[in-house]
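Student: Sequence:
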Amino acid sequence: MPQIKPDTRSMIERLISYDTTSRNSNLELIHFIANYLADLGVESELVHSEDKRKANLYATLGPSDRSGIALSGHTDVVPVDGQDWNQDPWTVSERDGLLFGRGTSDMKSFVALCLAYTPDFLAQVGQLPIHLCFTYDEEIGCVGVGPLLDYLAQKDVRPRCAIIGEPTGMQVVNAHKGRLGYTCHVRGHECHSSLAPHGVNAVQYAARLINRLVEIGRIKAEEGPFDHDYDVPFTTVHVGTIHGGTAVNIVPRDCSFEFEFRCLPGDDPHLLFNDLKGFAQGELEPEMKAIAAETGIVFEQGATFAGLDTPDDHEVVTLTKALAEANSTAKVAFGTEAGQIAARNIPAVVCGPGHIAQAHKPDEFISLEQLAKGEAFMTRLVKRLGEAPLAH
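Take 8 as the starting number for the sequence shown in the working numbering and just add one per residue.
Because the hints were derived from the structure by calculation, they are not lab data. Among the hints, erroneous ones may be present.
Keeping only pairs whose Cα atoms sit at most 25 Å apart, straight-line, the calculated SDA-like set for lysine to any residue is [unchecked claim]: (1) K162 x A228; (2) K328 x A130; (3) K390 x D58; (4) K328 x R167; (5) K12 x D127; (6) K59 x L156.
Could you build the full structure based on these sequences and the hints that come with them?
Tutor: Spelled out as structure tokens, the structure:
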């Protein structure tokens with residue numbers, strides 16, 4: 008059975024012990040990391056959320072006057088509410104070569120590897136620095152990384168490239184889909200169901216909008232564009248929730264539903280949304296308002312993140328393939344902060360230990376084998392720091 012460094016194990020245990028579910032503050036964990044780095048002589052810069060309950064952490068290992076490699080990960084995790092765990096999710100337990108705990112796969116183990124190897128980075132770093140980027144609120148739509156990127160945009164020196172350590176089984180992922188999400192609120196006009204033509208049925212109008220979304224999705228599935236490197240090789244349209252009505256004998260006044268577009272890079276989701284919005288404003292609302300002026304349809308944008316499409320021959324792809332000893336790249340349907348980072352002119356890839364299939368589930372785990380591969384990746388990165396800097 009593979010063995011991992013005691014420092015890696017203890018760091019994973021420490022990070023998992025903090026309940027950083029997205030609804031909670033992450034400051035206790037962030038302050039622990041800042042203090043750990045300070046003990047090693049590294050100064051951290053904190054970028055807080057507006058309410059000051061959360062923070063991103065940014066730190067540079069090595070010369071601060073030049074761009075280096077960013078190692079990036081989010082510190083928040085999804086809830087355990089309603090899940091049937093066989094052990095305490097906030098205490099790491101081991102069984103059959105697996106470490107169990109919320110965040111072991113997604114993605115505190117990568118953060119722990121970065122921190123466990125910080126002394127090695129500091130001992131070896133030369134002209135190529137390492138930048139540590141630890142964020143908040145990734146799990147609710149990649150929200151927290153935005154303020155960090157705004158902060159970095161104001162600096163004279165920022166990362167040259169970034170490796171985001173989401174669980175990919177140590178595959179090098181250079182492309183993923185983007186997401187545009189919305190909640191639609193339909194306001195109708197209530198009346199007794201025996202007088203249904205005098206009312207405006209919010210549920211039925213919501214259903215017509217959903218049917219339009221289904222049609223948009225059908226067209227994308229049949230006409231593309233296509234990229235068969237993805238498991239689902241086309242842009243998808245999905246309706247996830249719907250709420251409406253109070254009783255079967257009342258024409259419902261309110262209905263709301265949530266939907267999303269998961270788009271291939273280069274396929275603009277705003278064009279798809281504009282199709283739906285045009286249908287709502289041009290066809291449905293005039294019908295509704297002809298019966299009751301107070302009716303209408305409102306769209307509220309929700310969780311949204313950019314897609315990723317880093318060229319196979321980019322230096323960050325070549326570097327990460329060498330560090331992971333990978334011969335190929337992959338594309339995934341799930342989203343990460345890499346798209347937003349790359350959109351701000353910091354070329355990015357995704358590569359980290361663990362598998363997305365284990366994320367978000369009860370009894371989330373990561374294997375010691377994956378952690379050993381993550382350690383080998385970091386060991387090669389340490390060696391790389393002592394060599395010539397990246398070519399310009």
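Student: Are the hints correct? Go through all of them and say.
Tutor: To see whether the hints hold, each was checked on the structure:
1. The hinted pair formed by K162 and A228 fails the criterion: a straight-line CA distance of about 43 Å is larger than 25 Å.
2. Of the pairs offered as hints, the one joining K328 and A130 holds, with about 24 Å between alpha carbons and a cut-off of 25 Å not exceeded.
3. Distance hint between K390 and D58 is unfulfilled; the C-alpha atoms sit about 41 Å from each other, more than 25 Å.
4. A threshold of 25 Å between alpha carbons decides the hint, and for K328 with R167 the separation of about 17 Å falls inside it, so the pair holds.
5. As the CA atoms of K12 and D127 are separated by approximately 13 Å, the hinted pair is consistent with the 25 Å bound.
6. Between K59 and L156, the direct Cα distance comes to roughly 17 Å. Compliance with the 25 Å bound is thereby established for this hinted pair.
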